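Visitor: Chain residues, written in single-letter form:
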Amino acid sequence: MANAPAPVTAQPAGPFAAFWSAFSHNRGAVGGLIILLTIIVLAIFAEWIAPYSAIEQFRGMTKLPPAWAEGGDARFVLGTDALGRDMLSRLIYGARISLFIGLSVMSVSVVIGITLGLVAAFLGGVVDSVLMRIMDLIMSIPSLVLAILVVSILGPSLTNTIVAVSVVYLPNYVRLVRGSALAEFGKDYIIAAKVAGVGPIRLMFVTVLPNCLAPLIVQAALGVSNAILEAAALGFLGLGAQPPTPEWGAMLADAREFIRSNPWIVTLPGLAILVSVVSINLFGDGLRDALDPKLRRS
Amino acid sequence: MIKFILRRLLLTIPTFVALMFVTFIAIRLVPGDPVEVRTGEHGISPERLAYFRHELGLDQPVWKQFLDYVWQLLHGDFGVSLSSNEKVLTEFLTLFPATLELSFAGILFAVILGIPAGVFAAVKRGSWFDHTLMGAAVAGFSMPIFWWGLLLIMLVSEGWHLTPVAGRIDMIKYYFEPTTGFMLIDSLLSDQKGAFLSTLHHLVLPMIVLGTVPLAVIARMTRSSMLEVLSEDYVRTARAKGLSEFRVISLHALRNALIPVVTVVGLQVGGLLAGAVLTETIFSWPGVGKWLIDSIGRRDYPALQGGILLISSLVIIINLLVDLLYGAINPRIRHG
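In the order they appear, the protein sequences are chains A and B.
The first sequence begins at 140 in the numbering used here and counts up by one.
The second sequence begins at 191 in the numbering used here and counts up by one.
Hint data in this document are derived by calculation from the structure and do not stem from the laboratory.
The structure displayed is predicted, hence computed values, not measured ones.
Backbone N, C-alpha and C define an ideal beta-carbon position, used for all residues, glycine too.
Any given hint could turn out to be false.
[Said to hold, decoys possible] Every beta carbon over 10 Å from chain B, so not counted as near; a handful from chain A, in silico:
| # | residue |
| --- | --- |
| 1 | Ala156 |
| 2 | Gly167 |
| 3 | Ile194 |
| 4 | Leu262 |
| 5 | Phe375 |
[Said to hold, decoys possible] Here are a few chain A residues that sit away from chain B, every Cβ distance over 10 Å (derived from the structure):
| # | residue |
| --- | --- |
| 6 | Leu238 |
| 7 | Phe324 |
| 8 | Gly336 |
| 9 | Pro383 |
[Claimed, not checked] In silico contact screen, one side only, chain B against chain A (beta carbon under 8 Å); selected entries:
| # | residue |
| --- | --- |
| 10 | Val220 |
| 11 | Val328 |
| 12 | Phe336 |
| 13 | Val454 |
| 14 | Leu457 |
| 15 | Gly460 |
| 16 | Ile486 |
Input sequences plus hints: build the corresponding full structure.
Guide: Written as C-alpha cells, this is what we have:
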C-alpha cells in the first residue's frame, strides 16, 4: 500500500496562485514580463555582457554601420557612434540607467505618495485640503514643463532628473492612496481595530494600507514606464543625464545630426526605449487585469 | 448649478495663488544673481548694483516682493524677456497660435482616427483587426514621441522627400503678414497660390507625432467603453426592435460610449502641451514649447517664469471649463 495516492484535500488556490493563473493566461503580459526580465538581466550584468565599455572610443572606427550592413565590422555588432563607441555596449549600459531612473522615481514617489495620501485621508480638514490643492497645482502644470522648471532650478543631471520626474508623478500616488484609504474608512474592520485600541500609525500602515495595495501596485508598474519616457525626453532635450553617460534619450540627442548619413545611430536608442516601455506597459496591463477580481476569468 | 460653478471657481483661487508663489520662489532659487545675469558678469560698481537692485525691487522684503509680483501679474505684466527685451506676454501671444494650431490638428487627428478604430475593434472583438489595433495602441501609448518624430523625418522627409523637415510654411516662396496667427487661415486669406498647400505639407508630420499618444489612448478607451455599452439592455432592445446594425451602433451605443471618451480627451490637454514642447523642438515649429526650451538655453529666466505661469494657467482654466461642462451634462458630478 506504499504507492497509494495521498488523499487530496481540495484547497482554494492561494492569492498568489490565483493571481498567477490569471496573469499567465494573458499572452501579452507574459511576453512583456519575459522581455522585461531580459532587460533587467542585461542591466545588472552589463559589465560581463557588454563587449566593451560604454565610453571607450575606438579611433578610426567612427560611425560604423551594424555588422550585417555593408561596411560593418563583426567586432561591433550594432555599429559605432560618432565618437567610435560601441553602440551595443552603450545600449546595454543605457538599460541600467533607464531602469535605475524608472525604479528610483517609482520608489521615491510611492513612499512619499503613500505617506502623504494616508496623512491626508486620516487627518482630513485643513491638512487634507492644503495637500490636495498642492497636488492639483502639480497636476495642472504639464508634466514635461514641470520637469523643465525643476531641472532649470537644480541644474541638469541624472539625480535631478529623478527628483524632477518624481515630483511630476507624486500626485497620482497621493490621490490614489487617499482615495482608497477613504473608501476603506467606513468599513467594520477599521472600527473594530479602533475599538481594539490600535494606534494611528499602526492603523494607517498596517490595517488600512494593505487593502489599498492592488491599485497602487498597478500604478507603480505603469509609473516606471512613464518615468523612463519622461527621463528620456529630458535627456533628449539636454536637460537630463549629461554626456558621456549612455542614457538613451541623451544618445538620441547626440544622434540628431546624423539622421541623413547614419540612420542606425538614431534608430537604435529609440527602439531600446520603445521596447522597454512597451514591455513594462504590457506587464502592467496584465497586472491590472489579474489583480482586479472583476476582470479575472473564472 | 450656480452654487456648483461658484464652489469650483473658489477652489481654483488657491491653486492660482500657489502657482504664482511657486514661479516666484523658483526664480529666486535659480543659481546666480539676477542683477549680474542682466548686466554681465564683471565690472559693475557698487552704486550701479544698488541702483539695479532697487529698480528690480530686490531691496524690499520678500513678502513685499511677492505682493508686487502678484500685483504685476494681475495687471497683465509678466515681465520682460532678457534676450529680446520684449514683454513676455506679447512674445507668448505671438507664438501661442502656432502651438494651438498644432495641438488642434493633433487632437483632431487622434479623434478622427481613434473613435472609428475603437468602435470597429469593439464590434469585431477578437478579430485580427482588434488584435492588431490593440497591439498598435500599446506601442503608440509607449512611444517616445521625440524618436517617433525623428524616425518619420528620416523616412518621409529624407527618404521619400514627401514633406519638409521644419517650420510652418515655405518662407522663401510665401510671405504674408499674420492676421490671425493660424497659418492655415492666414495662408488662405493671403490669396497666394500654393500657400495653403505648403502649410498643410508642413503640418502633416508634426500633427501625426503629437497625435500619436492621444490616438492610442482614445482608441483604447473607445473600444473598452463600447464593449461595455454593447452588452447593455437598451442595445439589446434596439436590436430586438429590428433596427439596422449601423443604427444600433452609431446611434444607440456610440452616443453612450462617448461620455468617458470625452473625459479622456479633456484630460489630454496637459499632456498635449507637454508633447508640443518635444514636437516643436524636433520640427523647429515656432510655438511656445520651442520658445520655452530655447529660453532655458539662453538662461532667459523671466521668459521661462512667465511662460510656465501662462501655460499652467491655461491648463488650469481649461480643466476648470471641462469640469463645469461635465457638471452641466451630468448632475451627479454637480452634487458629488
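Visitor: Quick one: work out the minimum CB distance from Ile194/A to chain B and report holds if it exceeds 10 Å, violated otherwise.
Guide: holds, 22 Å
Visitor: Identify whether the interface hint at Leu457/B stands, where standing means a beta carbon of chain A within less than 8 Å of its own.
Guide: Because about 10 Å separates Leu457/B from the closest Cβ in chain A, which is outside the 8 Å limit, the hint is violated.
Visitor: Does the claim that Leu238/A lies outside the interface with chain B hold up, using a Cβ gap greater than 10 Å?
Guide: holds, 15 Å
Visitor: Please confirm whether Gly167/A is truly not at the interface, meaning its C-beta sits more than 10 Å away from all C-beta atoms of chain B.
Guide: It is violated; Gly167/A is separated from chain B by about 8 Å at its closest Cβ, not greater than 10 Å.
Visitor: So Ala156/A supposedly isn't at the interface. Is its beta-carbon more than 10 Å from every beta-carbon in chain B?
Guide: holds, 27 Å
Visitor: Against chain A, is Phe336/B within 8 Å by beta-carbon distance?
Guide: Holds, because the Cβ-Cβ distance from Phe336/B to chain A comes to roughly 5 Å (cut-off 8 Å).
Visitor: Do the numbers back the hint for Gly460/B, that is, is its least Cβ distance to chain A under 8 Å?
Guide: holds, 5 Å
Visitor: Under 8 Å is the threshold here; is the Cβ of Val220/B close enough to any Cβ of chain A for the hint to stand?
Guide: holds, 6 Å
Visitor: With d taken as the least Cβ-Cβ distance between Phe324/A and chain B, does d exceed 10 Å?
Guide: holds, 17 Å
Visitor: Does Gly336/A sit more than 10 Å from chain B, CB to CB?
Guide: Nearest chain B Cβ is 35 Å from Gly336/A, so the label holds.
Visitor: Going by Cβ atoms only, is Val454/B closer than 8 Å to chain A?
Guide: For Val454/B, the interface hint is violated, since the closest Cβ of chain A sits about 15 Å away, which is over 8 Å.
Visitor: Say whether it holds or is violated: Pro383/A keeps its Cβ farther than 10 Å from all Cβ of chain B.
Guide: holds, 20 Å
When held up to the earlier numbered hints, the structure conflicts with 2, 5, 13, 14 and fits the remainder.
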